[in-house]
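Peer 1: Protein chains in written order, with the working numbering: chain A, 1 to 507; chain U, 1 to 501.
These are calculated hints, taken from the structure and not from any lab test. Heads up, the beta-carbon is just placed ideally off N, CA and C, and yes, glycines get one too. Among the hints, erroneous ones may be present.
What the hints assert, rightly or not - So the derived list for chain A, only partly shown, Cβ under 8 angstroms to chain U, looks like this:
id, residue
1, Pro304
2, Val307
3, Phe343
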Amino acid sequence: MSTAMPETIPYDEALNLFEPVFGLEVHVEMGTNSKMFCPCPTAFGGEPNTQVCPVCLGLPGSMPVVNRTAVESTIRIGLALNCTIAEWCRFARKNYFYPDMPKDYQISQYDEPLCSNGYLDVTVATAEGPKVVRVEIERVHMEEDTGKLTHTGGATGRIHGADYSLVDYNRAGIPLIEIVTKPVAGAGHLVADVAKAYVAELRDLMRALEVSDVRMEEGSLRCDVNLSLNKPGSPMGTRSETKNVNSLRSVERAVRSEVERQSALLTAGGRVVQETRHFHEDIGRSTSGRSKEQAEDYRYFPEPDLVPIAPSPAWIDELRATLPELPSAKRSRLEAKWGITPFELATVVNAGALDLVEETIAAGVESAAARKWWTGELLRTANDQGIELADLPVTPAQIARVEALVADGSLNDKLARQVFEGIIAGEGDVDEVIASRGLAVVSDDTSLLAAIDEALLAQPDVADKIRSGKVQAAGAIVGAVMKSTRGQADAAKVRALLLDRLGVTEA
Amino acid sequence: MAVMGADLTRQTAVVLAEAIRTGEATAVGVTQAHLDRIDSVDERVHAFLHVDTEAALDAARNVDAKRSAGEALGPLAGVPLALKDILTMRGVPTTCGSRMLENWRPPYDSSVVERLRAADIVILGKTNMDEFAMGSSTEHSAYGPTRNPWDLERIPGGSGGGSAAALAAFEAPLAIGTDTGGSIRQPAAVTGTVGVKPTYGGVPRYGLVALASSLDQAGPCARTVMDTALLHSVIAGYDPRDSTSINAPVPDVVAAAGKADVRGMRIGIVTELNGEGYQAGVAQRFRESLAILEHLGAEIVEVGCPSFEYALGAYYLILPSEASSNLARFDGMRYGLRVGDDGTHSVEQVMSLTREAGFGAEVKRRIMLGTYALSSGYYDAYYGSAQKVRTLIMRDFASAFESVDVLVSPTAPTTAFKIGEKVDDPLAMYLNDIATIPVNLAGNAAMSLPVGLAPEDGLPVGFQIMAPPMADDRLYLVGAALESALHDKWGHLLIEEVPAL
Ligand SMILES: [Zn+2]
């Protein structure tokens, strides 16, 4: 390969040349109270190795017991993803040596997953409007998480070359759901958008099912992205598997960067190596990991310490009855109910504000106002603070209170924003912030008239213009009054008082 | 019962418990007598790897205090027991006969130990075994072989040779073994003692260090059928911490042992476990036992189990496969031996060096066999085929039990062989378990009890009884009847003939 060849070809150009096929393996930590096979708690952030017992430490003689809630969650996810639920299935051991694995095997599922053959429809925006793409699901299964290694010393931050490594088994045995898609072909230029939309949809689904709170920053949703390119009409190309893709933005970037890298390689006459690549959030690119061409043999076999799972039809029906309204259905319903376009709803969804807006409307606020607050001012604040909208200390009830005060003229828009600023700063509830900051609209005629007279005196030429019938000049005086009352006046009222004072009527 | 003045170590558990309940003896006295016996003979027998004198005496004192306080005592309260060193006991070394776990003290009790403690049984210590229960002679222990009290030059069977030898040497009246392919029954056979492998799932495995999870089963060992039954009823029963444990009432083994009646029972001789390959004296005592059972009112028939022919082959694929995975955790990272952690070796190197140094040859052999059998490309031919054989063996048993109540065979092909005789010939060693393995593959219950000495070498011969799953009580009906008839014939238990040490 000539050194003059580019290392990448721009995304859109690459997709004019090649057809992409992608697949995603998504691991989600389940939000059960206890671990997959023992009663240890699953809470995040405990002191290292304090949430452990003989079972999750894999001590000799210990035995796993399946967490029933985890099985139920998996079946519910399978049902929500339109999967077939196995009548009978088993756990299997995946054997490999690694210090984060207490038993040197992971209890997982192999050729007998609990759920298989489903699909999830995702919507992506295109120039021609929203487009629905069906992502087929190969399987959904349960497994246990590993411990967490921290490598100290050395340049790479990886186990090779580290001075020493520490291992925290608090995470070992936390229930994981693995959701594997079938290869998705035909997405063309939308491939990165579809991949991202799929993960976003899965995240919303997990939250709606209340099986996981999906905190990506805590690593509770992790993706492996498989991608290959082929010339139109040719068979599927060799795929790479990019691991460690742990945010929505990274899913998109991982797909884009693989499209750009593989297309350059193929265009230059090279070949894609079947390998595992590691994604680096900081640079938005992946680097080559171990080659899969000497694939590890995991020596799977049925886990003899556990009995098969055979969910009865009655149990499955019971679980089906617990399924909430799924995110896609909810979106269609809300578009109709709120009378908004899919694009407007997408703004709400992308802001992570769907539930908040719905609750705010339920609290008596107009749809437009509820959306305006959550996707505008409050979203900006959340983004500035680097937190999720739902984590802002502002409640739908508080928005309803503020809107009521705006409606009766006690607050104006600018003051309302200051109220939220105060709430977020921890100054208390709506009325406490108004009281402590003195945010009431000035409606007392006497003090407003005094402010108007002062403004007229300061700008006699403007006063004359208004008197001579140039009513549009009133804005300057109203502005001056608003300024002198630090925004705490009702501008419409100031204008009316001003015109009345000068004996002018609106044209 | 006049145990005062008699040697407390020669008594059955039933007699000792009764003496403690009535105040004729104290639990401390009984325990001390056994500790003294261990002191005087175990240097030669080497049944124990660890004797917990203080803990045993504490437990005994607790029993005596309960009695003084007028509390009701259980049927085995105060009776000493020898525990195979493969069951965890909080704070007490649990080595599994391996260097790998030389200094490991588990932080938790196994289900079996919890139940023994709850029954006020006094645990004297941990007994020797083939490393990780792989062997039929206890020669594969990293801590040296145990010797057979009938002849110190001979093996006590394995893997639970320590537990069986402790019984035969009168170091304990009760013992716990584990049986994956015969590790309770074959040692019982060659030491003239009684051992039962309960139905798979009958005794919880929680805290039993796994060799082959789908085959392992802990069980009771003693010198009489009734003592064995009493111990069986203490350790059996459902435990939710073992998902494979059976959630159903335990068969009433004590009542069955008390009834000791075979009238009207149909007893099947397994064609494939009879005939060629058995030592003459073993075959002779087996035939005599059948005649006794017939005389007692049982009907003896012959039953074919054609798939048993493939049992040994299937067993030596399934066991190593599961063992290769179960023993992976011994990697030097978290507990036990660690070799090579001197700052110059990588994690992988430390793991390799540890396993190289910590495991003996037989363990390595089976890990390699199992790793190979599970490898991609070989799985279907090896592990997969072995599972099919297993299904066929279950069917053979099921169809046999449609026409008979129990099946019988000699427990082992020979009496105790000499130490060193087969240690370098794994295949000859594996053949010891030819008659015991089918039961483990099928998951049903079996007993070995002594039925005499082989005329040619004067060594004990074991008789195996096999019952359907969860029909463990039938073992005791038949075993107790046969034991009682033999007792009448000899005027004493066979174990009374063991030479003085
Ligand atoms: Zn745990």
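Peer 1: Decide, hint by hint, whether the structure agrees.
Peer 2: Verification of the supplied hints:
1. For Pro304 (chain A), the suggested interface contact is upheld, since its CB lies about 4 angstroms from the closest CB of chain U, less than 8 angstroms.
2. Proximity of Val307 (chain A) to chain U holds as hinted, the smallest CB-CB distance being about 5 angstroms (cut-off 8 angstroms).
3. Interface restraint check: Phe343 (chain A) against chain U, minimum CB-CB distance 50 angstroms, threshold 8 angstroms, status violated.
Hint 3 alone, counting from the list given before, is not met by this structure.
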